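Residues per chain are reported as follows:
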Amino acid sequence: MELNNEFRVAVPAAKTWEFLTDVERVAPCLPGATLLSVDGDEFTGAVKVKVGPITVSYKGEAAFQEKDATAHRMVLRANGKETRGNGNAAAVVTAQLKDEGDATSVVITTDLTISGKAAQFGRGVLADVAGNLIGQFAKALEADLLGGAPAAQTTSTASEPTAGAAAGDSVDLLKVVAMPMAKRAAPALVALVAGAAIGFLLGRRNRQS
Amino acid sequence: MKAAAFAYHRPDAVEEAVDLLAEFGDDAKILAGGQSLVPMLAMRLTHFDNLVDISRIDELVGIDLCDGEIRIGAATPHAFVGMDDEVADSVPLLTLATPYIGHFQIRTRGTLGGAIAHADPAAEYAAVALALDAQMEAVSPRGTRDIPAKEFFTGLWENSMATDEILTAVRFPVWGARSGFAVEEFARRHGDFAIAGAAVAVELDDDSRVSRCGIGLLGLGSTPLRGSPAEEAVIGRSVDEITADEIGQLAISALAEIPADLQGSATYRAGVGATMVARAWKSATAEASNA
Amino acid sequence: MTDTVATRYAGTRVPRIEDNRLLTGRGTFVDDVSRPGMLHACFVRSPFAHAKIKAIDAGAALALPGVHAVFTANDLNPDVKEAWHAVAGKDIPDTPRPPLAEGEVKFVGDPLALVVAESRYIAEDAVEMVDVDYEPLPAIADFTRAAGADVVVHEAYPDNVAGGLSGAPPDEETFSSAAHVAEAHVYQQIYAPVPMETRGMVVEWEASSEELTVWASTQTPHELRAFAARLLGIPAQGVRVIMRDTGGGFGQKVVPMREDMCILLAARKVPFALKWIEDRRENLMSAGQARHVDGKARMAFDDEGNILAADIDFIYDIGAYPTPYPVLTTAAVGMFFPGPYRVPKASFNYKTVFSNTAGLAAYRGPWQYETLTREILLDIAARKIGMDPVELRRRNILRGDEMPYFNPNGMPYDHVAPADSLEQAVKILDHEGFRREQREALEQGRYLGLGFSAYIEPTGAATGHLATEGATIRMEPTGKINVYVNGGSTGNSLETTVVQLTADALGANIDDVSTIQGDTAVTPYGAGTQGSRSGPMTAGAVNEAGTMLRKQIVAMAAARLGVDEDAIELGGSVASVREDPSKSVTFADIAYRSYYEPQQLPPGMPPTLEATARFTSQAPIHWANATHACTCEVDVTTGQVTLTRYIVSEDVGAMINPNVVEGQIAGGTVQGIGGALLENMVYDDDGNPLASTFVDYLLPTATDVPPIEYGHIEIPGPGVGGYKGVGEGGAIGSTPAVINAINDALAPLGVTLTRLPASPAAIVELIEQARKDH
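Quick note, the sequences are listed as chains A, B and C, same order. At position 68 of the first sequence (counting the first as 1) the number is 68 in the numbering used here, and the numbers step up by one without a gap. At position 164 of the second sequence (counting the first as 1) the number is 1164 in the numbering used here, and the numbers step up by one without a gap. At position 321 of the third sequence (counting the first as 1) the number is 2321 in the numbering used here, and the numbers step up by one without a gap.
In case anyone wonders, no lab produced these hints; they're calculated from the structure. It is possible that some hints are incorrect.
Below, simulated DSS-like cross-link-like pairs (lysine-lysine); rule was C-alpha separation at most 25 angstroms, straight line [to be verified]:
id, chain 1, residue 1, chain 2, residue 2
1, C, K2551, C, K2480
2, C, K2269, A, K59
3, C, K2054, A, K117
4, A, K117, C, K2052
5, C, K2054, C, K2090
6, A, K117, B, K1029
7, C, K2296, C, K2427
8, C, K2583, C, K2480
9, B, K1002, B, K1029
10, A, K59, A, K15
11, C, K2052, A, K59
12, B, K1150, B, K1002
13, C, K2772, C, K2384
14, A, K98, A, K67
15, A, K59, B, K1150
16, A, K59, A, K117
17, C, K2296, C, K2345
18, C, K2081, C, K2296
19, A, K117, A, K15
20, A, K117, B, K1282
21, C, K2345, C, K2384
Note that the structure is predicted; figures quoted are calculated from it, not measured.
Whole structure, please, built from the sequences with the hints as guidance.
As structure tokens, then:
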């Protein structure tokens, strides 16, 4: 399944690129995940995707295939296996930045394959939440880029729930939760999370009867 | 299809249930009728270490008419709601919606609060709550609060309550004398999830102009939705001025993310949705006009 | 039957003897079986449609308390001694069928490891903990693109074609010169039997005596026994298969499949009985699937609408692991395509194609595609020629006086009168009245439609191991009767019908007759329930054994009453003198003397009150026939189809029990309605099965089907009693009748639906397309 997402931040391309490849700054914008290890351009992590009562936890690895700072293009392969269950999520994510002077548009193309229980249902009541997810990410990213301070806009820590925010370390779509993150993992984990969440929720464009 | 092991708790009072949720956090889930949760557990699509069964808490079961509202306890089974005379007189939209909920066995165990909290986009009571601007009562360690229906449904199977909040009741307003109500739903078979549906409430003033209108839509997004463009278009107008088909088209015109799935494309669903709104509008306005 | 006995029960609506226990929840299905220390099985199944298995790490699973074993292909597959099936024979070039997946998984749900634990709960916990390292490979889920594709399902078949066949080539000259030619491209979706009881078995190996006991959900207990013995290389004498109640088979339980093989192979490696019962998701995803066909059909007509030639060319999806032997069983589609009509020339051509989906298994009338395609095509032709579809059929359908008739593929039709079943259906329907109603409705903007379909069906085909049937009938010391037949009763009322026949054969009260079926230690060999054989074959077997036992009873009664044997009449469990009924002796007394006072029998008279016979069918096929007629209304805005009337006008020969006949027809008809409108086993492009639960796989319910109206015609078949088979027909004739009704309703809009199922969305799309095209 192919998914396309786009967002725009009112920040120049070079700064956006730098920010996107600096995990410590991107992490708080990212609907939660955990980094487990980093080894050069390869890293492992875990993601818990929650859609209402349904939870799917993936553990996986990702690696940069391409990181072109001149062309502002990165390609990432991510692969996650369900920790509890039999399924798999694999994504090839291409992120392309476009310089628009004072702003940058970011185009993300994801080639996603989901297998396991999550992929074996036909009832897709689902709107395309990729837009929502990336939108939240973009808003937080933009605020962060403009505000200058990392984690400035994050709303809650794990122990203090507020209306609309969820406690714990799972990804709740449309909610933003802060998590401390190590460097350089962000794009991969965005991909994995977005991919897993999107795939799980199924923008099932190709799955009509 | 055997669920993984879990601890089962059955509190007798709401306070106890609230304490349990606070204690276990994400590792606990409320169990009421179980008609949505248990299949998910059995298929291992989800797992919780603790289930907190609230189905026997007396204060959560009940139907009361008070101050122009019907207040229904969250653990009240669908069947009770559907059979209740006060509900039929005061909030007929609930009575009309009930027969569409699964099959009668499901309605005997499933609860109104459970269905609304589960927030399925094709849930009949959720669409009714949205159409009528119902109020959801939620209880947590921080006390009680009301959540208006339009803030409650936030995404697929997601509501705006915190993890430690329990839905304890829903209050549905009673509409005026010159009102009409209708529910039209299209499903593949009797009892199936709606492909698309509409719950319509309309109230007329003394000049037979529309004074109030609520159109709840099922199955047309990731949450139940309002057909706002249609509602806005009819306010102040006589029912003869707009055709049912126009209302149907208007109701779905602003929908951005109509689902496509095994049952059909987004275009197909939108068409069916418009037809359901049109049919429900015809019935509801006919009833209101004769009231 | 001799003259001494009147038929009293056969032909009547005797209430079913199975019902008391089944309707009160006291049947014995596989999951009701409990053995001391019994262990439970659960398979680890592939989430990928195609992948290499790089490693299987069961460490965590084995460490879980309550887990006894985790078997993989290395553990089980080498123990296979012989794995051929009687349905296909030893020598066919069978397709691959490893018990557990070896090296590669080839469909989502493919079993690659077997967990054995103390409970199914623990087994499922352990399945989640088995860590399999997969290397995903490209998959081909769409069989229409599989032949010659880059993705290869089985290495031994590099073009993904298992084989094919063709008859004589089409007569293109006739097709090009005919007054009218109609064509249709018909695509049929995957749907499946969905028995209420899923597949399963309990297998218990007793090492000390080397005995294997199998409680199975099966249609063929004796063949399962033979297969199990061959599989494990143990003497069949030491194998016992017991089936008590099986909750539906419909062809899915005729041959033991891969999981069954795994349980049989694992049984000797675990200390206690091993139970496997699949859950519904497993059944939908990995039990046999059926009917996935894509093809083109043509018919040529003269200017009066007489058929000149018929041709069908199709590909059949056999998935990854079909049951044996798909290349040959598919030939029936080609052979029967001409149907119950006068067709001078016919041709067919087909290929069976592998894909990364579960695999083809038989399903009630497995060749149904021939009737589906032909009947849809006839309606298309009728509209093209400008004739009512009923009239076109009338012109071409075979009459009774034309029998025997050899269809153009050499099929020897006989003992049928398809024209009679057509006319009966037309009459029950009130054809003229409906056309009037249809016209009036159209003026009001409502779309009503009428669909007919007619078929002829080979029931009770007597080839190989299907050609005989055994029965033992015994009068017990109490005078009660027990009749033993091989079994296979899976909802088709064999207990009741066999008891009726036996009671008649012996002149016993039906309450004095019981049956024991399904236990291979106790019953004679039989091929089980398949191919609509059980009715005619058990009738023959009961007749032979019954005749022998009746002679014994008559001889004893005659001696006892001091008359000649031909003066004796049997009735009501009593033997009496025809001319003087006051002189009589009860069966109970006859038995008592025989078992407890044998010295009182005349010298030289054997005390035997039991007979065993093996009946050989004299007829190679018992042809049955029916016409289905269906009316519907289509809501053109939602695409919803509502069936308003459903008529089945059938000829299954004499009827042992009209209730049973109607039940069999109703069940098959409802399955066919499901296939027309609702059921669809969809796979996405990656090979994920999307209809893996009943939320997405839609079965017809009581609210989707109108009351079925029956018309019975009884043209006796060639077998004993004139009984013909009735098990499969309903499922064959129904799908096309429904599709034809829809096409008739939508004809004014220029819509013809030939891609199944006729879902509401598909109908709306066709209507919109037709609107645009005008």
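Could you work out which of the previously given hints the structure breaks and list their numbers from low to high? 2, 5, 7, 10, 12, 15, 18, 19 and 20
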